[in-house]
Structure formats: C-alpha cells, structure tokens
Amino acid sequence: MGTFVFLYFAAVIVMAASLVVALRNPIYSALSLLVMFFHVAGLYVTLHAEFLAAIQIIVYAGAILVLYLFVVMLLNVKRDERYNQQGTVALFLGVVLLTEAVLLAVSRGVTVATPDPGPEGTARAVGNTESIGEVLYSTYLFPFEIASLILLVAMIGAVILSKKGIMESQ
Amino acid sequence: MMIPLADLVTILPELIVVSVACLLLVLDPITPSNKKDLLAWMSVATLGICFIMTAGSMGDRVFAFSDLVVVDGYASFWKLLLYVVSGMTILLSIGYLKEERIDLAEFYGFVLLSLTGMMIMVSGADLLVIYLGIELMSISLYIMAGFKRFEARSIESSAKYFILGAFSSGLLLYGISLIFGAAGSTRLVEIAAAVEARGLDDSLILIALMLVIVGFGFKVAAVPFHMWTPDVYQGAPTSVTAFMAVASKAASFGAFLRVMLEGFGGMKPNWNGLILGVCILTLILGNLVAIVQTNVKRMLAYSSIAHAGYALIGLVVAGWVGTGVSAKGVSSMMLYLAVYSFMTLGAFSIVAILRRGGNEGEDLDDFTGLAKRHKGAAFLMLLFMVSLAGIPPTAGFIGKFYLFMAAVNAGLTWLAVVGLIFAAVSAFYYLRVVMVMYMREPSPDQENETRLALSPTATVVLALAAAGVVLFGLYPWPLVSLTATASLP
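If you read the sequences in order, they're chains A and B. If you count the first sequence from 1, position 50 lands on 50 in this note's numbering, and the numbers rise without skipping. If you count the second sequence from 1, position 366 lands on 1366 in this note's numbering, and the numbers rise without skipping.
For the record, the hints were derived by calculation from the structure and aren't laboratory data. Note that the coordinates shown come from a computational prediction; the quantities given were computed from them, not determined experimentally. Where is the CB? At the ideal position from N, CA and C, for every residue including glycine. Misleading hints may appear alongside valid ones.
Here are the computed distance ranges between Cβ atoms for each label pair [claimed, not checked]:
no.	chain 1	residue 1	chain 2	residue 2	range
1	A	89	B	1200	31 to 41 Å
2	B	1357	A	24	51 to 61 Å
3	B	1023	A	85	49 to 59 Å
4	B	1200	A	49	49 to 59 Å
5	B	1053	A	2	51 to 61 Å
6	B	1177	A	162	47 to 57 Å
7	B	1452	A	89	56 to 66 Å
8	A	128	B	1053	35 to 45 Å
9	B	1357	A	73	23 to 33 Å
10	A	103	B	1294	45 to 55 Å
Stretch-level coverage of chain B by chain A, calculated; a stretch enters the list once three of its residues show a Cβ under 8 Å from a Cβ in chain A [claimed, not checked]:
no.	segment
11	1100–1111
12	1130–1139
13	1406–1419
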C-alpha cells in the first residue's frame, strides 16, 4: 500500500513538473506547478511530516503560486516565445545535472555524519505540529514575537509607501 | 503559559520602545497637525527614560527567555550609544522633515521600531534572535529610505536597499541554517561548544562561518559587499542616511563582534585572515573612491565605508591569538564607533540643513565660500571634517589612536601603518571640503540660492555632535574606561 501511494505521488510529481516546462500557456504551467506542490505535500504526509506538508501548501501553493498567477494575469502573457531559444543553456545545465546525479549514484557508499538531533528530536510522541507549536510558544516565544513585530512593520510600511494623499506635497 | 516577570523586566527598555512606537502610530492620525512635534518630543523623552534605565542596570550579565537574550555590559554600551544616536536623528528630523514636506509622525515610529531591532541584535545570544533583530532594523530602514516617495532617487534608494538587503539576509540565514545543521542549535554558547569540539574539521561550519561573515559584511558595508552603500545613502532623506550610517552600522558591528567572538571564538585562526583581507580592501577602496566624489553625501557614504575598514581593525585584533589582545581590540572598536557616530551625525546634519532652493545643498559646489556666508555652520563642518580625518585634538584622533595602539600591541604594527597611510589619504578629501568652504569666494548667484534651514532642534543636534567631538577629543577617559569595562572578554 505504502509503495503504491509513493509511486502515485512520485509519478504525478514528475508528470506535473514536466508539464510546467512543456506547456506553452503560462497559466497552464502555473496550474501544473500547483498540482505538483500538492503532491509534494502528499509525499510529506506519507513521511509523517504533517507540519511540513501544511507549510508546503500554505506557503508555496497559497502564497508563492498566487503571486505567479497575479503577475501572469496582470501582464496578460498568453504565450511567451522568448524562452524558446535556450537550447544550448538547457543542454549545458542538463549535462551538469546528469553528471552530478551519476557522481552521487557512484559515491553512494560515502556516509555523511548526521548531527545529534538534540532533545527536541525525541519528543515525537505528540506529533510534530504539536511539538513545533509547543516550542514556538515556550522556548522560542521571544523570536516568535519579534517575527510578529516584523510583519507589523512591513504592513505599515506598505501603507505608508503606497497610500495616496498622506503627504501634502503630492 | 506564563512569561516569567524577571524576563520581562530584563527587556523592559525594548518593551517601552516598542510600546511607544505603536502608540505613536495610533496617535498620529488623531493629533492636530500643529501639535505633531509633541509626538517627536514624546519619542525623545522615551529614549531618555530608556537611557537612564540601561545606564542604571549596566554591568550585570542577565540571561532571559530561555537564554536567547543576554543583557550584559557590552549590550548596554551599544544600547546607550543607539539611544543617543536615535534621539539625535529624531531631533534633526523635526525640522528636516518639514523642510522636505514629509513630516509624518510615522517616521518617528519607524525610528523607534528600527531601534528595537538594533537593541535585539546587540543583546541576542542566539543567531535566530540576532537575525530577526537585523530584519526588524532593516525593514524599518527600507521604508524610511523611501520616505520621499515622490522623488525617484529616494524610491531607487529604498528599492536597491531592499533587494540587496534581502539578498544578504538570505546569505546570512543560509549560514545560520548550516550552523544549525552542524551544531544542532542556534545558541551562541552551543555553537561555541560545537566549534570547540570539531570546528576545524567540519567543512559545514567553515562554509557557515563564511556565509555569516558575508551577511554581516553587507550590513556593515565592508568591501566587497559595499555596492549598495553610495546609492542608498545618497538617495535616502539625509536624516535617514545619518541614522543608517551611524546606528545601523554600530548595531551591526555590535552583533557581528558578539557572533564572531562568542560563537566562533574557538576558530579565530580560521577567520581573522578573512577579516584582515576584508579590512584592508575596505580601507583601500573606501578611501580611494571617496577622493573622486563631488557630491558631499556620496563622499560621506564612501567615508563611512572607509570607517568600517578602520573599525574592522578592531575585529582583526580581537581575533588575533594572544593574551589580553582580544579585549583591547573589542574596546578600541567600541570607542571608535562611538566617536564615529558623533562626527558622522554632525557632518550629515550640516548637509541636511544646507538648502539650495527646494533641495538639499549636497554638492561640493554648494559649500563654496560657506565660511563667508554662514560662519558657524562652516566652522562646525570644519570641526567634523578634521575629526573624520583623525587630526588631534578631536575625538577622531582618539578613536584612531586607540585602534592603532591595539593593533601595535597585538604585534600588527604593519596594519597600524596601513591604517595611518589611509588616514593621511582621507585627509585629502575631508580637507577639500574645508578648502572649498574657506578658500573660495562664493559666486554671486549662489549667495541667493543656498541658505541654512536651521531649526532649534537641529541646533541642539549640532551642539551635541560638536560637544562629543571636542570633549572626547580633549578628555576621552570616561569613554575609554566605559569601553574597557563593557568589552567582551
């Protein structure tokens, strides 16, 4: 069952990723990217990284992809022919990546020392979303609060820099 | 869940500054436009209260928030400096913002929020906290740089600063994540333990170290990570430029030094060579390129790069292996940056109050014959230029003297000589401003064009800066002993 689920996700990821570059219409490309993001998130769930899966969907599918779509739709790019002359670059990068993959496959025997996961790593009993939340609101409360302050500043800044009629001289 | 009261008391100055900043943002729309100055005074008063609080608790080393925050003499020293600089920036801005027609009380809110970021940076005992402090400081500065939003140059400055700042933050964050991978923690204490255990063999730590140096190099504007500085400093409103050149540099150096000594202190031989290279490159490029500038604001930008080079001498000495030299290096660098703050703020204040028509008089030509028209302003500019060049009896000389002495004591006499040579080079472009002010006749049309927009608060700033330059030049002992006791071991 597990293998089947993995194969499904992996196959869709590869297919969707190929469609992203193969499709001519940028909106279709963006939507296949969305499909890919969802399936990567699914892969994370099978690895019991539920938090990562949620973040993957919220950040990538929710924020980054929407930005892509905004730009594509605002600029009204229907078909883009500019990227069709990149054969040499693609060939070069492809060779580099292929070499790297082969090298990695050959040097599989070399193991890299994994660092000690620390005391947080042992608290698996409650599921990782809960333990992240717990750490965030206890040990890392201070940085968490600063992060909220940063978001506040960014929000006010966006208003100040873009709102009409808050300075007389305009 | 309860937050321990003791932790909140430890960061009380930060809490007060944040609360007042938010209060300012709320009060701004409901304050009648002729009473807006009150908001500026409120922020200055806040800084005064925080100054007293920090000065009162100076000396103890207290950890808070599960050891993520540390308040020690070192952090308190930087905070005191930052309060003074922020206060002077606000006082300078009261008149300047009106002159530029951008007087929004939000500006003071952003100064305070940026200050909060800086305070968090200098008292962070954890790379994550330091990084978030840097972001809080930088994002406020990006906005402040673009405050003259109807002027293309200001927008350009803001956008450039934002893109390069985000890029450098990315590099720093990448370094931090690698360190987390290698040490299993972002706390400086535990990083030091990991470095002690296997720092020299672990290539992960070495790469992370390099990325961290690059990230901080951007923030302190050291060559070759200085590219953004001239354009950003030139385009931003002058009071913001002064704040960036002084406060953000001081805070970045404060955090940089702590990370290098408390986090990577175990691998000094690995990084002091790198810092030495950056230091010499910064001295060469900053000083040589400043020579050809005809815009005073841009010249001061390159001068601030050059001064970062001098300050880095302190870090090189702090990283030199030897008994007792480390603390000397740290304290001489703290002294240098304190002195640098006064003279640079003074010089930028003169640029801010010198007006040509509706714009700032920032070209070298605008200073032509200034001594004939505005004796006081010309004399103060002379004082700041002489101090920046490091000529006695000004504070600039004292700063350079202690820095070079520390280098000589560490056996780096040649570095002190290099610094001295470039101090001589820098005298050329600083004294050229003096020459233009005193030796050239003002052309008749300029006499009508340039004027001095001197507000009472700007006078206070100039008086404070001049007092700092003269007093610390003639009687530096209080500052010297303060930096010696506040230095990191």
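Hints, verified against the model:
{"no.": "1", "hint": "89/A <-> 1200/B: 31 to 41 Å", "result": "39 Å, holds"}
{"no.": "2", "hint": "1357/B <-> 24/A: 51 to 61 Å", "result": "55 Å, holds"}
{"no.": "3", "hint": "1023/B <-> 85/A: 49 to 59 Å", "result": "57 Å, holds"}
{"no.": "4", "hint": "1200/B <-> 49/A: 49 to 59 Å", "result": "34 Å, violated"}
{"no.": "5", "hint": "1053/B <-> 2/A: 51 to 61 Å", "result": "59 Å, holds"}
{"no.": "6", "hint": "1177/B <-> 162/A: 47 to 57 Å", "result": "32 Å, violated"}
{"no.": "7", "hint": "1452/B <-> 89/A: 56 to 66 Å", "result": "58 Å, holds"}
{"no.": "8", "hint": "128/A <-> 1053/B: 35 to 45 Å", "result": "41 Å, holds"}
{"no.": "9", "hint": "1357/B <-> 73/A: 23 to 33 Å", "result": "44 Å, violated"}
{"no.": "10", "hint": "103/A <-> 1294/B: 45 to 55 Å", "result": "54 Å, holds"}
{"no.": "11", "hint": "1100–1111", "result": "holds (count 6)"}
{"no.": "12", "hint": "1130–1139", "result": "holds (count 5)"}
{"no.": "13", "hint": "1406–1419", "result": "violated (count 0)"}
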